[in-house]
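S.K.: Sequence:
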Amino acid sequence: MNALSKIQQMLINPSIQIDITDFILSMLISAVSAFIASVLYQVFYENRATGSRIHRSFLLIGPSVTALFIAIQFSLPLSLGLIGALTIIRFRTPIKEPEEIGFIMLVIAASIVCATFNYLLLIILFGLALIVLILQKFLPRLFKSKRSDGVLLLTLDGGLTTETKERILRLLGDKTLGGSLQSISYTDSLTTFHYSFTGLPLKHLENLESSLKELTPIRKMHIYFNRQGVLI
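Heads up: the sequence shown begins at 1 in the numbering used here, then just goes up one per residue.
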């Protein structure tokens, strides 16, 4: 009966009074948490070339999420309405790096913790996040992927004989790991190879261009890796 009475009370009176002092304190702590997350982003991640500087929105995201969850945690209709709304919302803003998702989730998690007034859990959350970020920065080998996959775009002058094409593909196959030809295009007396690979050892990369020039003149050669810092 007590459980049914609580549910009935939530349906009849969804707006239960919240102590204004606790609310203001929670919002302030949420803003401070968002600021700390922003500082962590700038210290450990801002120097990345592809970053979108998403930390500028943390001070808005943090208090907003906290206020939202404080408002709905005492109201069953609002909670159900939020769940229904989230099922139809799709965010089309691209995330350039997976690390940005981690920082966004850190801000959201901290905001929800502030909404539940469990500040000890907030300290533990940021403590663990700081430890992981420090380990990731100063012990990069523990987190660094060994993959060096990418794409090679090779532009050659003039038309090529079938034998020359086969020799080029054979050379690329010997120099790369898991290589495969994606396409060949012909335009204005130029031949372009689009070649993908799962690995390119540094020792082969250094003499790849000279080996290709022994087979045929090269107009351009571009190598793109799918992950940053492969050659470092």
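Derived by calculation from the structure, the hints in this document are not laboratory data.
The beta-carbon is built from N, C-alpha and C at its ideal position, and this holds for glycine as well.
Hints may contain errors.
In silico BS3-like links for lysine-lysine, alpha-carbon gap of 30 Å or less [unchecked claim]:
| hint | residue 1 | residue 2 |
| --- | --- | --- |
| 1 | 137 | 213 |
| 2 | 220 | 203 |
| 3 | 203 | 175 |
| 4 | 165 | 203 |
| 5 | 213 | 203 |
| 6 | 220 | 175 |
| 7 | 165 | 137 |
| 8 | 137 | 203 |
| 9 | 175 | 165 |
| 10 | 137 | 220 |
Ranges between beta-carbon positions, derived for each pair [what the hints assert, rightly or not]:
| hint | residue 1 | residue 2 | range |
| --- | --- | --- | --- |
| 11 | 222 | 120 | 51 to 61 Å |
| 12 | 161 | 134 | 50 to 60 Å |
| 13 | 161 | 209 | 38 to 48 Å |
| 14 | 139 | 105 | 18 to 28 Å |
| 15 | 167 | 206 | 15 to 25 Å |
S.K.: CB of residue 222 to CB of residue 120, is that within 51 to 61 Å?
M.R.: 53 Å, holds
S.K.: Is the gap between the beta carbons of residue 139 and residue 105 within 18 to 28 Å?
M.R.: 22 Å, holds
S.K.: Between the alpha carbons of residue 137 and residue 203, is the straight-line distance 30 Å or under?
M.R.: Given pair residue 137, residue 203 holds - Cα atoms ~27 Å apart, limit 30 Å.
S.K.: Compare the distance between the alpha carbons of residue 137 and residue 213 with 30 Å, and conclude whether the hinted pair is satisfied.
M.R.: The given pair, whose Cα atoms are some 40 Å apart, is violated under the 30 Å limit.
S.K.: That 50 to 60 Å hint for residue 161 and residue 134 (C-beta), does it hold up?
M.R.: Holds, at about 57 Å.
S.K.: Check the hint pairing residue 165 with residue 203 against an upper bound of 30 Å on the C-alpha distance.
M.R.: 23 Å, holds
S.K.: Given the proposed pairing of residue 137 with residue 220, does the C-alpha separation stay at or below 30 Å?
M.R.: Violated, at roughly 36 Å.
S.K.: CB of residue 161 to CB of residue 209, is that within 38 to 48 Å?
M.R.: 21 Å, violated
S.K.: Between residue 203 and residue 175, does the CA-CA distance stay at or below 30 Å?
M.R.: Satisfied, since the Cα-Cα distance of roughly 9 Å is no more than 30 Å.
S.K.: Regarding the pair residue 213 and residue 203, is the alpha-carbon distance no greater than 30 Å?
M.R.: Status holds; Cα separation ~17 Å.
S.K.: Check the following: the C-beta atoms of residue 167 and residue 206 are separated by a distance inside 15 to 25 Å.
M.R.: 20 Å, holds
S.K.: Could you grab the alpha-carbon distance between residue 220 and residue 203 and see if it respects the 30 Å cut-off?
M.R.: 20 Å, holds
Violated hints, listed in ascending order, are 1, 7, 10, 13; each of the other numbered hints is respected by the structure.
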